[in-house]
Amino acid sequence: MAAVAQEGLSGSRRSSRRVKGDTVWRWVVLILAGVFFLLPLWSALRFAGISAFGSVIGFAGFASSLWLSVKLAIITTLITIALMLPTAVYVHLRLPKVRRLLEGITILPIVIPPVVLIVGVLAIAPGFLKSSDLLLALEYVVLAMPFAYRSLDAGLRALDLKTITEASNSLGAGWITTLWRVILPNLRTAMLSAVVLTVALVLGEYTMASLDLYQTFPVWIYVNAQTSGQVSVAASLLALFVTWLFLMLITMIGTRQSRKTGGGQITLFTVARQETRGN
Amino acid sequence: MTTNTAAADSTWQASGIHGTSVLLQNLSRAFGATRALDGLSIEMAPGELVALLGPSGCGKTTALRIVAGFETADIGTVLVDGKDMSHVPANRRDMGMVFQSYSLFPNMSALDNVAFGLRMRKLGAAERRKRAGELLDLVGLAPQAKQYPHQLSGGQQQRVALARALAIEPRVLLLDEPLSALDAKVRLQLREQIRTLQQRLGITTLFVTHDQEEALSMADRVGVMREGKLEQIAAPDELYEHPATAFVAEFVGVMNRIPGELQSDRLVAVLGGLVPAADGTDEVPGDVDVLVRPEGLRLELIQNGNGIVTNRTFFGSVTRVSVLLSGDVTVQVDKPSSEAAVLPPGTSVAVSLPPEPVLVSARRTATP
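The listed protein sequences correspond, in order, to chains A and G. So for the first sequence, the working numbering puts the first residue at 93; every next one is plus one. So for the second sequence, the working numbering puts the first residue at 274; every next one is plus one.
Stretches of chain A that chain G covers, calculated by requiring three or more beta carbons in the stretch to come under 8 Å of a beta carbon on chain G:
| id | region |
| --- | --- |
| 1 | 246 to 260 |
| 2 | 265 to 275 |
Result set (DSS-like, lysine-lysine): computed pairs, CA atoms no more than 27 Å apart in a straight line:
| id | chain 1 | residue 1 | chain 2 | residue 2 |
| --- | --- | --- | --- | --- |
| 3 | A | K254 | G | K419 |
| 4 | G | K395 | G | K356 |
| 5 | A | K189 | A | K254 |
| 6 | G | K395 | G | K419 |
| 7 | A | K254 | G | K395 |
| 8 | G | K419 | G | K458 |
Think of the hints as simulated: they come from the structure by calculation, not from any bench. Glycine included, each C-beta is placed from N, C-alpha and C at the ideal position.
Extracted from the complex, chain A is given alone in its bound form (with noise of 0.2 Å):
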């Protein structure tokens, strides 16, 4: 007994040897990761000094560039939401086969590079279109889907979506109030995390703007490094601090509302639902 009392004992006391040491390497990688990605944001924030922050505002371009990549933004988001969600709902209920097929037509835009799809886009896109901020707004919904469709398709699995749709089609409700009122709300998470990446994903978007002449804030910053870098540096550390507050902003009120419906927080790719308990 006294034996096994020991062994107990000596049992315990390497457990929580084990448990220290994980916390210690939990905190060495934690700091490693956090020198890696603050340091040459410490070191931009020096390059640039405070004052630059104060001229950034009135620096030409600067407000019309931002208030573009916004309106991108935007225009984006809501395109991708209105094309991707029905699609989603769409082949998760009635074409379930198809899914693995739209999965890997949604990835083509990651695989194919950008200025392959501008060149195509540029030699069949309309007149009208190549003088509007649609041309890259549509650009942007294609370079989207892929983490836009993810996200929803994550969110559609999570939910018993043939059995909620039944109950809501038995108690009276069209199709259109059933995505209104049953499937939305219960998506609400998945569709937060497509507008986090979709306004992510756009707000720092280089090349297609570049190529298509498009002035947008990452546009804007890379010309002006070329005659005033320490404004340049200031103007991307603020859009930096802007995106991510906006996006944490998001994603607390996202995890708020889904958490007291029993959904997950808003992780990116997966929402997880919590279970039943017991009978």
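For chain A, the structure is supplied; the task is to place chain G on it using the hints.
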């Protein structure tokens, strides 16, 4: 479960719901090469609870989904109070449905779930809340009105789903194995609750299940299905005591198969005696199996009998005794537990049949 029950009942009765007749006529449905339904016809009287019972893949759920409007029949019609519903979409059929899997809307509280159908019927907010509250009370879940589905247990969720289906005062209630995901105790409670409510409200109900105990204990009539066809539809006792086919006999309750020989005079030589074959036997004379329930066999303690007791299972007042007969055939015989007490494994016994008509079936080749 009492305060608002009377209120809910009176609302129900005021709405003029007195049960609806349902007629399924020659329903057939194929999925590719598989015939899920093959000429199914059932007539349901107003206020009747009919259970469709059968193994998985027998077409019972397809039949229910056709009635609900989620599937369309290739041939055949569904008549509700004489009106053909075949082309009426699911959301206009006025049929309440409780699903096998948990079907509550996760984004709505229990109360909002129950009120959803009323909202679709354009009832005012106050009236909706009042009625939904009454219905929740009816299923004994008034205190959980504000909880979300993930905060409710499985049994509670199915009760909310039942309240939600009843809230719209449906003409027909459709139950698609609503108890199969629940544990035995909750299942028993909910089974009784559903039956009590169904009878009190007089609502015509079609209930699909693969659990014979559930079907026999709840339904006015049970339809046994096999490979898309209705083998027999009858009251539970009729089905148990006078099964029309060997399949029904074996699917409902426990049934022994004892080898025998059908003679040209319609007598069957079995267990060393002669008993008459049941009316309607269409087997040709020769080797057959005789189908007998465990309570239909006689068992006597005797030296050098035709069987040896191999096992006993205690069911309270009754004990089921397993007896090995010659030819490696094992039969089960129900005896009062007091009598079975003197029949330990290894005891020699005589198994025989009373001289009553028996159901015979083609001889089943012994499985290795």
